[in-house]
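Here's the letter readout for the chains.
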Amino acid sequence: MSPKAIQFRLGLGACCVALLLALVGIPGWVSSPSNVSNIVLSPTFWPYTLALMTGFVGIGLLLASRHESPDPDPTHIEGTDPKAWLRLAALAVIMMLTMFALPRLGMVWTAMIVFAVTAFLFRTRHPITALVCAVLVPLALYAFFAHVAGVAIPQGNFVRLP
Amino acid sequence: MSLADSLMAGLSVVASFEAFFALFAGICIGVVGGAIPGLSATMAVALTLPFTFTLQPITGILLLLGVYKGGIFGGSIPAILIKTPGTPASSATILDGHPMAEKGEAGRALGMALWASCTADVVSNLALILFAGWLASFALSFGPPEFFALILFSLTIIAGVSGESLLRGALSAILGLLLATIGLDLVYGTNRFTFGDPNMMGGLNFIAVLIGLFAIPEIIAMAWNPTAHLGKARSLGHTKVSFADYRRSFRSIIRGSLIGVFLGSIPGIGAAPSAFLSYSEARRKSPNRENFGKGEIEGVAASEAGNNGVAGATLIPLLALGVPGDVITAIIIGAFMIHGLQPGPMMFILNVDIIYGLFIGLIVSSVFLFIVGSVAIKGFRFVSDVPKRILMPAVLVLCIYGVFAVNNNIFDVGVMFAMGWVGYLMMRMHIPAAPFLIAFILGPLLEDNFRQSMLMSGSDPSILLRGPITWFFWAVTIITIVAIARNIRKIPRA
Amino acid sequence: MTLKGTSVAFAIGAVLTASAAVAEYPERPINMIIPYGAGGATDISARTIAEPLGNAVGKPLVMANVTGAGGATGSVAVQNAKPDGYTMLFARVGSHSVNPAMKATLPYTLDDFRFVTVYEINPAACAVSPSSGITTMDALIAKVNEGGVSYSSSGVGSFPHLASAMVMSEFGVADVMNDVTHIPQKGGGAAITAVLNGTATFVCTNSSSLASFVANKQLIPLLVTTSEPVVGFDAPTANDLGKDSLNQLVGWTGIAGPDGLPDDVAEKWGAWMAEATQDPQFTESMTARGSVIRLMDPVEANEFIQGQYNVFRKLVDDLGMRIEG
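Residue numbers (this note's numbering), protein chains in the order written: chain F, 1 to 162; chain B, 1 to 494; chain A, 1 to 325.
By construction, these hints were calculated from the structure, which means they are not laboratory data.
Please note: incorrect hints may appear among the correct ones.
Below, computed lysine-lysine pairings styled on BS3-like, alpha-carbon distance capped at 30 Å [to be verified]: (1) A:K82 <-> A:K268; (2) B:K103 <-> B:K378; (3) A:K143 <-> A:K243; (4) B:K378 <-> F:K83; (5) F:K4 <-> B:K294; (6) A:K217 <-> A:K186.
Covered by chain B, according to a simulated footprint, are these stretches of chain A (three or more residues, beta-carbon under 8 Å) [said to hold, decoys possible]: (7) 68-82; (8) 118-128; (9) 212-219; (10) 283-294.
Ranges between beta-carbon positions, derived for each pair [said to hold, decoys possible]: (11) A:K82 <-> F:V148: 52 to 60 Å; (12) A:S131 <-> B:F206: 52 to 60 Å; (13) B:F21 <-> F:F120: 27 to 35 Å; (14) B:F131 <-> F:W29: 41 to 49 Å.
All C-beta atoms, glycine included, are put in the ideal place defined by N, C-alpha and C.
Given these sequences and hints, build the entire structure.
Rendered as structure tokens:
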């Protein structure tokens, strides 16, 4: 993507966000009591101000994009490699599963799996070390957080650690 | 009582092995606690608090102060090494510290962080000892209108950390302001963007947002291209900071320390804005302005001076007024109360021995910090030798534990992940993350103080210009904005 | 730890889980959730009782601060926990009397919890800054009628918010919502600072947080809400001023579990608390901070909290303070 394209898309995106906020987000999800004495004190005043500012910045970005160079930026990371997209998706799935597993499996066991899976996702050159670390790091962290810092690390429903 | 008598009284309570040992142990705990992201200086102080119940008052308080000071410095270690601020105050250190580590200069960056921290610590302690009374009465003249003007001015630092495009910096800042509106409304207590979820009512946890914005995008970027780092001179930072570096950054360090003292003595602002303000001032004054954000050592020095300058100064409102300046001092005040001490003007009359004992302890703490910090740097430097594809999963696991520990809430881990993707998207789109963070911290303060001012005056806006302090900040805000506008016009012409 | 060590840990863990079904409560550490931040009144109170209570329980108590939304985040965490007695809450006047009375949007009600004890009562007090020139309640009320009086609190729906409104209402201010301005702050420390620096005229909160400011002569106490005078506060009691109903206006700390907590667990807590509050060091450090130790058994605690809730709820409805949005 060229700087021009980035700037243009950002501008467009900001304008859309501003409109969405003003028309849907703020009326729907910011509740304001009926007895507000003055408009500047209303809970919606600041969100509306921000929506307005987002709109201005969006328009500014759109205008500025006309002056940007249309040549592709050499430092920009190009999104062509399909495997890269696959890895991104995999990481997103890992994160979602982590959220699901944390309260059920317990933090230590989840962390071990997360460690091992991400290390292989990153195609580590030291698979054995990675596996050993995957077991030891969460255990060491558990020992520290639970027994030194006294944090109630989630234990899950299956195997409890002392 | 003369100064000499007070000092002797102070010495008599503090001159014991236990007191100095507690201080030293506190600094060790603090550096380690601060260096663990999520654990942070606040948590480390909170965890140490119960141990002080059984100690002598002065010993217990010195222990906590040691943890506090160690923690603020310790936070810079992971900020530099793994781009994860150990404590919110060290988020400005990332801007130049992490690029330095990427260039293989981790040792130099850490060394500078330590030197700047210790210098700022000394300045801050001296300010506390010499000007506590004066600064405290100044702090009491800060009501909501003064705060509003000060924070408006602080928001102009966004221009200094926006990088190549001011517009994208502004976009980032507005995004931060928007996310900061989540939670309960201050004045009416109604829900704003909570989507019916009780976890959202408290707002997004600051540390979860912070770690999500800085550390997680690095991990996601690694999934995108696992071999991007190969061939870069990252491995090892056996470079050391030189005296020439220190001398070159000295002006920035002193300026940062003074900013820290000033912001620290006003309750309610905290160390992170101070570090950013110090950073952006250093950048503005530096001849190497172009190099800031790409690994400029003066940037590290300025941020660390800015946040450590706050540490001693937050004790000014605590001791002189009995008012906590931030979360950490709120915990420390708890320790005073447990021992039946009542911080405030009377304490300078009733408990002179304790006050001067604390002063003596504080002066010694700067020396201890230097010793412990030097050892810690040597110990933690190995992190830059760990293969990056082992390090990143470890960072991810560490962040999960740490972010959970902040508020014992799994929801915060989800916030961290979500913010990680936001941060990654911003990285891809060349949107700087620092303005987001500054806005996220300052946005609620700006809004709250505005509305409190309006409540005070019955919605009469003239209260925002009620005295010399507000006039001063409005004036510097306008001057800064004019300067920024001029800079923007200069660029297309060049 | 080696791999062998891990398998040992596995084995221990498995044994512990296997024995869970037959063992008697409690057979593992109990999570105690503190819904307010470290260093606050609830936190200090909870951590002071933690030691004697831990001795009585015989298993470690793991203290966890879950802060946010005026105590609601931590309370919800316990509301949703399994009612097995291994997740308990330090409930407080703000989270469990004032909040339910004031907020229609609160994600929990009193019925979602089972209170096993209340162990501490905090007298409340109102104070002003010396620079205001006010020294008595009468002078304050006279000033209210002139207009321009405001009070600070640690947030909407917090104890100081309701306390100030109740005091004003009891002293005959006709239209509390409009005659006096509420200037909410973020946190109890900020609420007192607001009075010190003149942002607000007065604050009503628990006496222990005001004690150091009163001792330092930075604030003047106008009133304490208990029938007995409070040490260190040179101010009339509510009964002296003929406002006996203000005696209801006290802070408290107690312990609650999720609704559905078994009876035997609740009974055990009652016995443990009776033992823990006998500890001389606990008594000493609590009274030094101005708290009154008053132990209630599960039945009494539920009645007390429900009673206070009803009083507050009526006041909130009368004044139109309820937050519906």
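Taking the hints in turn, this is what the structure says about them:
no., hint, in the structure
1, A:K82 <-> A:K268, "holds, 18 Å"
2, B:K103 <-> B:K378, "holds, 18 Å"
3, A:K143 <-> A:K243, "holds, 19 Å"
4, B:K378 <-> F:K83, "violated, 39 Å"
5, F:K4 <-> B:K294, "holds, 23 Å"
6, A:K217 <-> A:K186, "holds, 24 Å"
7, 68-82, "holds (count 7)"
8, 118-128, "violated (count 0)"
9, 212-219, "holds (count 6)"
10, 283-294, "holds (count 3)"
11, A:K82 <-> F:V148: 52 to 60 Å, "violated, 27 Å"
12, A:S131 <-> B:F206: 52 to 60 Å, "violated, 35 Å"
13, B:F21 <-> F:F120: 27 to 35 Å, "violated, 47 Å"
14, B:F131 <-> F:W29: 41 to 49 Å, "holds, 47 Å"
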